[in-house]
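K.L.:
Chain by chain, the residues run as shown.
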Amino acid sequence: MKSSFVRTIALATLYILAAPIYAIVGIRRVGHLWSVRNVLTAGKITCPHCSAVNDLDVLSICGRCKTVEYGNRLRCSACRNVTKGFNCDRCTVTIWVL
Amino acid sequence: MNIYDLLFRNSGEAYQRARVNEGRARATAPIENAAVAALRGPHDFEVGRLDDGTVVRLAPRDIGRHGIVFGASGAGKSYALHLLMDGFAAVPGHRVELVDPKGESAIVAAEQAAMRYLVLADDEREAFAARFRIIDVGEDRVTPANLFAVPAGMSPSLLAQLRAAATMQTSEHDFSDLMAHALFTIYSVAIALQRGITKALTRRFFLDETFRVQVIAPKLADASLRDTVTNLEAILPLATRQAVVRQFDILLSSRIGRISFGLSPAAVARLAPADARAVITIANCGASPLVSPDVAQTRAINRVIDVITEAMVRPEPVPTMFVIEEVASIVSQRIVGRYLLEGSRTARWKGLGIVACSQDPTTALPRDVRHALVLNARWLLAFESGREDASLLLPYIGTTGETRADTRRREGFLADMAALPQQHAYILRKGLSPLKVRIHDVPDPKKRGRSRAELLDLFARHIAARSMVHLDDAECCIAEEDRELLNGEVAPELPNGTSNAEIERPQNVDALFDMLKRGKRQGGPS
Numbered sequence: 000m001k002s003s004f005v006r007t008i009a010l011a012t013l014y015i016l017a018a019p020i021y022a023i024v025g026i027r028r029v030g031h032l033w034s035v036r037n038v039l040t041a042g043k044i045t046c047p048h049c050s051a052v053n054d055l056d057v058l059s060i061c062g063r064c065k066t067v068e069y070g071n072r073l074r075c076s077a078c079r080n081v082t083k084g085f086n087c088d089r090c091t092v093t094i095w096v097l
Numbered sequence: 000m001n002i003y004d005l006l007f008r009n010s011g012e013a014y015q016r017a018r019v020n021e022g023r024a025r026a027t028a029p030i031e032n033a034a035v036a037a038l039r040g041p042h043d044f045e046v047g048r049l050d051d052g053t054v055v056r057l058a059p060r061d062i063g064r065h066g067i068v069f070g071a072s073g074a075g076k077s078y079a080l081h082l083l084m085d086g087f088a089a090v091p092g093h094r095v096e097l098v099d100p101k102g103e104s105a106i107v108a109a110e111q112a113a114m115r116y117l118v119l120a121d122d123e124r125e126a127f128a129a130r131f132r133i134i135d136v137g138e139d140r141v142t143p144a145n146l147f148a149v150p151a152g153m154s155p156s157l158l159a160q161l162r163a164a165a166t167m168q169t170s171e172h173d174f175s176d177l178m179a180h181a182l183f184t185i186y187s188v189a190i191a192l193q194r195g196i197t198k199a200l201t202r203r204f205f206l207d208e209t210f211r212v213q214v215i216a217p218k219l220a221d222a223s224l225r226d227t228v229t230n231l232e233a234i235l236p237l238a239t240r241q242a243v244v245r246q247f248d249i250l251l252s253s254r255i256g257r258i259s260f261g262l263s264p265a266a267v268a269r270l271a272p273a274d275a276r277a278v279i280t281i282a283n284c285g286a287s288p289l290v291s292p293d294v295a296q297t298r299a300i301n302r303v304i305d306v307i308t309e310a311m312v313r314p315e316p317v318p319t320m321f322v323i324e325e326v327a328s329i330v331s332q333r334i335v336g337r338y339l340l341e342g343s344r345t346a347r348w349k350g351l352g353i354v355a356c357s358q359d360p361t362t363a364l365p366r367d368v369r370h371a372l373v374l375n376a377r378w379l380l381a382f383e384s385g386r387e388d389a390s391l392l393l394p395y396i397g398t399t400g401e402t403r404a405d406t407r408r409r410e411g412f413l414a415d416m417a418a419l420p421q422q423h424a425y426i427l428r429k430g431l432s433p434l435k436v437r438i439h440d441v442p443d444p445k446k447r448g449r450s451r452a453e454l455l456d457l458f459a460r461h462i463a464a465r466s467m468v469h470l471d472d473a474e475c476c477i478a479e480e481d482r483e484l485l486n487g488e489v490a491p492e493l494p495n496g497t498s499n500a501e502i503e504r505p506q507n508v509d510a511l512f513d514m515l516k517r518g519k520r521q522g523g524p525s
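From first to last, the protein sequence lines stand for chains A and B. Last residue of the first sequence: number 97 in numbering that gives the first Met the number 0, and the count goes up by one each step with no gaps. Last residue of the second sequence: number 525 in numbering that gives the first Met the number 0, and the count goes up by one each step with no gaps.
Next comes chain B alone, as it looks inside the complex:
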């Protein structure tokens, strides 16, 4: 034994201290990767790690701008979106809007919210639940849609056009110009009267001239609309009006359909008053046994219209992250697509950042929409994708493709994108090199001993129920308003002229031409 053995005899303490020192040094070490350093900022939150273990943190200032998220199904988009939304909403004054036509991201958000709700103290739970506004359909409850309220500063005519476009999405029927005009007219009238659209109203409006001229027209302030309503008989052939009535009959055949379209703005305000504390709005517009895919999609489109409109007309900018899942299904109506693109261009300065999500943007999105979204996006989050979708990132990986080495690098990048494991993604902020990140895990309910069904039930009862109304209450309201408008009169029945027994069948070609000539003279449908 020498003197050094005496001096260094406390090796256990030295070991422990070395572990602590190394951990601290790693945490405070300057970040060598410029992109990782640039993504950090005030209120940043952890989103994942690079292969070398470097923590990637994102500042809300970046993800609050327009972005695109894409990748194969099951690659981890919904979980990543949850992390982004959660991190963004944690900043005071920030808002998050989610429109989910699939329902998957909404369920992830609901599960995570329920898990947090459970660990809160009783006195904190109310304030936590008030942070959410849920747009959903339950067995006995529904969130009423406010389709006919015109935001201050918006043209009622534009709102009617947008609502009509969303309604056209509900049917596989090929809507003619005349039918589109009929839809626009009924929406214009409903907006002008601040009423909901019901089966009785559509029948009386389209099939009863006296009702139109004597009851509806005098209540309309807009002379142009009044003129259209008064002369509707001349503008729209009977067959067109009947076709629109049939479409509404189908649309309003379910309770959810009737409530979605039938409530007036006053009734919505009375049944489900808005809570100013709500900063996270989750619109679960997935199809379910309770709501048909068509009605669900219409609800999604209408919600997108509402969020963009609300952002455009608000006086002061409010940082809002607007996540649209399955954006391809939203922009399939041209006017809605154009409105969304305009929103992405002009609502930016009102604080609206649109995050468009799609599995395969290059094939699902129209070329002009995709081009505009990529052009306006500040950041991209790309999960496992094929060559075409992965090519969206190529302009930003710093290769020109002119040299052989460049080509090899591009091909390597595309191959890597095609083989990205689950929960791995490339994060790209324009102006920085892309980062391959293993996305952070979100808490697993099973590990906390809770089943998904249990959490969703808790979410529905304690959080979602706050913004939903009973179906019976809503239907009572609609029936009351109907009685008031129709003055107790019965809506006319559709002419029963389309049964197979009554269809006149031509016996030969001459008879067919005779039939067509007769039809033309009567002004009927061709």
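Okay, chain A solo, but in the shape it has when bound:
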């Protein structure tokens, strides 16, 4: 009984101690997703290397199921595969979006 109580207290303490770190990670993740959402809404992203503006919505081919479709180049609507980045159209440097 006593040992069970101590284990619960210890776990709660750990959660309390880790909570700020989770909060920081969570806030950062939400911030990242917010910026990704803005990029996806704008439909274009600037290459960090050559500053070329790359369109996200193009005629693209899925790397997994090879479906060719008009739509976002990061996600295939057929197999729902999501790619986190793509190569810049001008300088071919990989641009990480997600």
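These are computed hints drawn from the structure, not numbers from a lab. All of these numbers come straight from a predicted model, not from anything done at the bench. Quick reminder that beta carbons are idealized off the backbone N, C-alpha and C, glycines included. Misleading hints may appear alongside valid ones.
[To be verified] Residues from chain A shown here face chain B by an in silico Cβ test under 8 Å; the list is partial:
1) R36
2) L39
3) G42
4) D54
5) D56
6) V57
7) Y69
8) G70
9) R74
10) S76
11) V81
Starting from the known structure of chain A, arrange chain B on it as the hints suggest.
P.N.:
Below, chain B alone, put in the same frame as chain A:
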């Protein structure tokens, strides 16, 4: 559902944006084909597409140079020519001249002009119609030809030679040297007096010595011509003069013939004053129930002479695209052919680009003319053609024919040319590889709910009528000038010595020789 489904949930918008982005990327993508890129330039216009969908645009700077268009009948030459002329004339300061002995290209141009006229606002129509000068023949109207005006800087003698050559084209009759001289003389006189040629004038001039010596000769400033006219009796036998009079009788038997040859430069200027706004001249010289093929062809040749002369003597270069349909029928008179070739060599720097069109240039054109035209041409547009005509492009497809692969390529090219579908053509600018192009469609009147007859009628009434005159007005003018020159006297009749009843028929060989000796002594025709 995960976070990505939330992020990418707007797939419909992404689709629409992707379509737009792809279209923009295709339009602005660098052109991989060097020939397509080289043909583009300022004021370029779409002429067709390659098989891969690449748009081929032509800059007027290239098609304003000499060119050749050839291919089988019905392959799409007339429509392609319309696109070229339309694109060229769209540039301010450019001019287009079309001489069409068939009448087909002229009709296409008329239809398209009428369709454009219809969609214009009322206040824009006048300026649009003023852009055209139409040389044509209608039921009650005709565009008067200015045959006897000598452009500044041109020799009257050369003009007389050219007009005589064009007239010789009107008859199947084999013109002798003497008849050619008679034609040259009457044209020289008409040009010197600034008069038209009428039936009365030809009869009085050739058959009435008193009229020649007392009325015509004193009015001639050129001593050499005066001498020829005074001594015409000795230079030309009576039979030759009668033969020329007969030829003119036939030529001037129709109203169109009389007006084409009978109007003086002053009368033409009075009846149909030139409009400086006209930049597109369409000479429809096709034969019709109103005008015989011979007269139509003479009108075409005379127009070609006029355009080249005008270009040669103008002080400043004016970019002019001069399209000659059925060029073989124009160059059949040697002097006209040579004049055209000289024009293609020397009038270039005055801005004249001659576009020679023919169905089968290798067989229809004399060898030297064809050689010179191909040599001087900057570009060629080849529709479905046989081996001989297609061979004109072989020197430019980049094969030497020395290796087996080269031979295969040449044979493949010739086979492809022979099987080109309608409205497909090879465009070649010298120095670039040829492009196989599907020529752009021209607007179809039927799709706009208009019939061809309706459009042509509208064109005749609102655009062509501006440069044409009433037949009655023109004939009145000619009659007035005739009265003035002939002083009311009646033209002499041809001697009635050629009826079958009066022909002396030899009974035997001796009688035939007697007849021939008598004829020789009298200086008559042999």
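K.L.:
Mind listing which of the numbered hints don't hold for this structure, in increasing order?
P.N.:
Hints that this structure does not satisfy do not exist here, as all of them hold.
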